[in-house]
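Each protein sequence line maps, in turn, to chains A and B. Counting with the numbering used here, you get residues 2 to 364 for the letters of the first sequence. Counting with the numbering used here, you get residues 34 to 183 for the letters of the second sequence.
Since the hints were derived computationally from the structure, they do not count as laboratory data. Ideal Cβ placement from N, Cα and C applies to all residues, glycine included. Incorrect hints may appear among the rest.
[Claimed, not checked] Distance ranges between label pairs, derived from CB positions:
(1) Val92(B) with Gln99(A): 53 to 59 Å
(2) Gly78(B) with Lys209(A): 53 to 59 Å
(3) Ile357(A) with Pro72(B): 43 to 49 Å
(4) Gln100(B) with Gly152(A): 46 to 52 Å
(5) Ile357(A) with Asp105(B): 21 to 27 Å
(6) Lys38(B) with Asp324(A): 31 to 37 Å
(7) Asp41(B) with Gly152(A): 43 to 49 Å
(8) Asp8(A) with Lys38(B): 50 to 56 Å
(9) Ser103(B) with Lys209(A): 32 to 38 Å
(10) Gly308(A) with Trp109(B): 29 to 35 Å
(11) Trp109(B) with Glu242(A): 55 to 61 Å
(12) Pro72(B) with Tyr260(A): 50 to 56 Å
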Amino acid sequence: MANLVDDIIENILLRLPVKFLLRLRCVCKAWRALISDSKFAEMHYRQPQTQARSRVLISSPGRLIQSIDPDSSGNEFDNNGVVNIDYPILESSNSVFQILDSCNGLLCVVDSFNNPSLWNPSTRQFNPLPNPRLLQNTEILYGFTYDYSSGDYKILRLAYGSRDMVKTDIDFAFKTEIDVFELKTNRWRRVRETHFSRPALKEGTFYKRAFYWVAWRLLEGCEDVSRMIVSFNLKEKKFKEVELPSQVGTINLKVIDGYLFAIYHDIHGAFTKMWIMDETAGKDSWTIFGNWPLLPCWFANCLKNGGEVLIVNIKKSKLILYDFKTKTPKHIMFYGDLRSSIPVLYTETLVSPHSINERNEDI
Amino acid sequence: MITFKSYDGETFDIDETVAVELKTIKHMMEDGCAGNEIPVPNVTGKILAKVIEYCKKHVESGKAEDQAASDDLKAWDADFVKVDQATLFDIILAANYLDIKSLLDLTCQTVADMIKGKTPEEIRRTFGITNDFTPEEEEGIRRENQWAFE
Numbered sequence: 002m003a004n005l006v007d008d009i010i011e012n013i014l015l016r017l018p019v020k021f022l023l024r025l026r027c028v029c030k031a032w033r034a035l036i037s038d039s040k041f042a043e044m045h046y047r048q049p050q051t052q053a054r055s056r057v058l059i060s061s062p063g064r065l066i067q068s069i070d071p072d073s074s075g076n077e078f079d080n081n082g083v084v085n086i087d088y089p090i091l092e093s094s095n096s097v098f099q100i101l102d103s104c105n106g107l108l109c110v111v112d113s114f115n116n117p118s119l120w121n122p123s124t125r126q127f128n129p130l131p132n133p134r135l136l137q138n139t140e141i142l143y144g145f146t147y148d149y150s151s152g153d154y155k156i157l158r159l160a161y162g163s164r165d166m167v168k169t170d171i172d173f174a175f176k177t178e179i180d181v182f183e184l185k186t187n188r189w190r191r192v193r194e195t196h197f198s199r200p201a202l203k204e205g206t207f208y209k210r211a212f213y214w215v216a217w218r219l220l221e222g223c224e225d226v227s228r229m230i231v232s233f234n235l236k237e238k239k240f241k242e243v244e245l246p247s248q249v250g251t252i253n254l255k256v257i258d259g260y261l262f263a264i265y266h267d268i269h270g271a272f273t274k275m276w277i278m279d280e281t282a283g284k285d286s287w288t289i290f291g292n293w294p295l296l297p298c299w300f301a302n303c304l305k306n307g308g309e310v311l312i313v314n315i316k317k318s319k320l321i322l323y324d325f326k327t328k329t330p331k332h333i334m335f336y337g338d339l340r341s342s343i344p345v346l347y348t349e350t351l352v353s354p355h356s357i358n359e360r361n362e363d364i
Numbered sequence: 034m035i036t037f038k039s040y041d042g043e044t045f046d047i048d049e050t051v052a053v054e055l056k057t058i059k060h061m062m063e064d065g066c067a068g069n070e071i072p073v074p075n076v077t078g079k080i081l082a083k084v085i086e087y088c089k090k091h092v093e094s095g096k097a098e099d100q101a102a103s104d105d106l107k108a109w110d111a112d113f114v115k116v117d118q119a120t121l122f123d124i125i126l127a128a129n130y131l132d133i134k135s136l137l138d139l140t141c142q143t144v145a146d147m148i149k150g151k152t153p154e155e156i157r158r159t160f161g162i163t164n165d166f167t168p169e170e171e172e173g174i175r176r177e178n179q180w181a182f183e
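Please model the entire structure based on the sequences and the hints provided.
In structure tokens, the structure reads:
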């Protein structure tokens, strides 16, 4: 019988799911080397079969983490498409575990000391990153992204000292530090240090090499605040301001299907309003995208490359995966309490959360 | 009309539109290296017949654009790969040598679907691979990802 050449073996293995590939590491030395190879991992991630294998992770404080296959037909043999995962952080003093975002299969998690780490729930690899320098009395905001131009995962940390306020002619400015962690170098880098008058109000999101967040500004007389969106461009190291589409209610920023959206969830009226960012004519502005009569909900997160959004239906404690491209909802079979859980959508990957500099040979 | 000659001397007359599906042959023709009879030394007559059958079908169906025709082609593909493993592997090697991407994708996907769920020992038998780990080494690797075996 013919023996298949290496290229063909690679072609076949690239089509398989991560869990199965991890088993195949013990077939022979050549297969172990291939499956552990970082280039193979990158190629495997880019396969359409891998991209289609999205999963939902639900973490509850103090309990097990569940990873759910949204396409599971509830087959008992498959354990209803649910896999239980242990918490990656071992010290009990560090029991708080918040998942910030997922990016190309890796999750950025933050512990009770507000330190970020990288985690691959598909391979169970965990990388507790070196800690950045801490500011005293700071508010911290994190952003997680994959930079395609450098082929690197990056974490942005925006810290401002809420007590370190300086009054300028027109404004109140806060000492602000922006640091960026790059996985390839396994190091934090100070990117910008300034006094900035638009401190962050809420979590932000990366969009086209800039980090966007909702910020506020203390108005004259300290009697009121106005709100706006601020972005920080990683390459140019500059801040830019964008008006909010509406001053009413809490606005969330999400990137869906490659576009930046501002989202307002009206819980009482039970609708969701969305605006899409329009970058024509060199000026950023918002265009109304739509009004959905959705049951009271909030958007968890979206896959960066896809049009899928994970939606949490608050009232009925249900999870829906909504595909903006095909405009179809998928109801996810899930048993548990969503009120204390933070669901995250992610794709599986073999890519290691460890830097090449400090990585072991094997997974 | 082009004539292919297999490793074991069988000849096949092919329309040029079908022959160019085999990228290796297409390059030979473009480079002017191909005469009237093209030798295909790495492929037996039995396998070359299957490969040509696949290419003919896909060239014919390439003209149809509706969903029904596309579904029919998928069903035909699914039947096409219902062969014994040795033949399947030979077709993969031929598709690889002759550079027929769609046939290579189809057959590799078929093998991937076939091995999903097999144990490492069954995989070794399928691919004729020798286990070059010691029992201790193998046990160590299994323990590293114990949860993947559950």
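Query raised in the report: Which numbered hints turn out to be false for this structure?
Result: Failing hints, ascending: 4, 5, 6 and 8.
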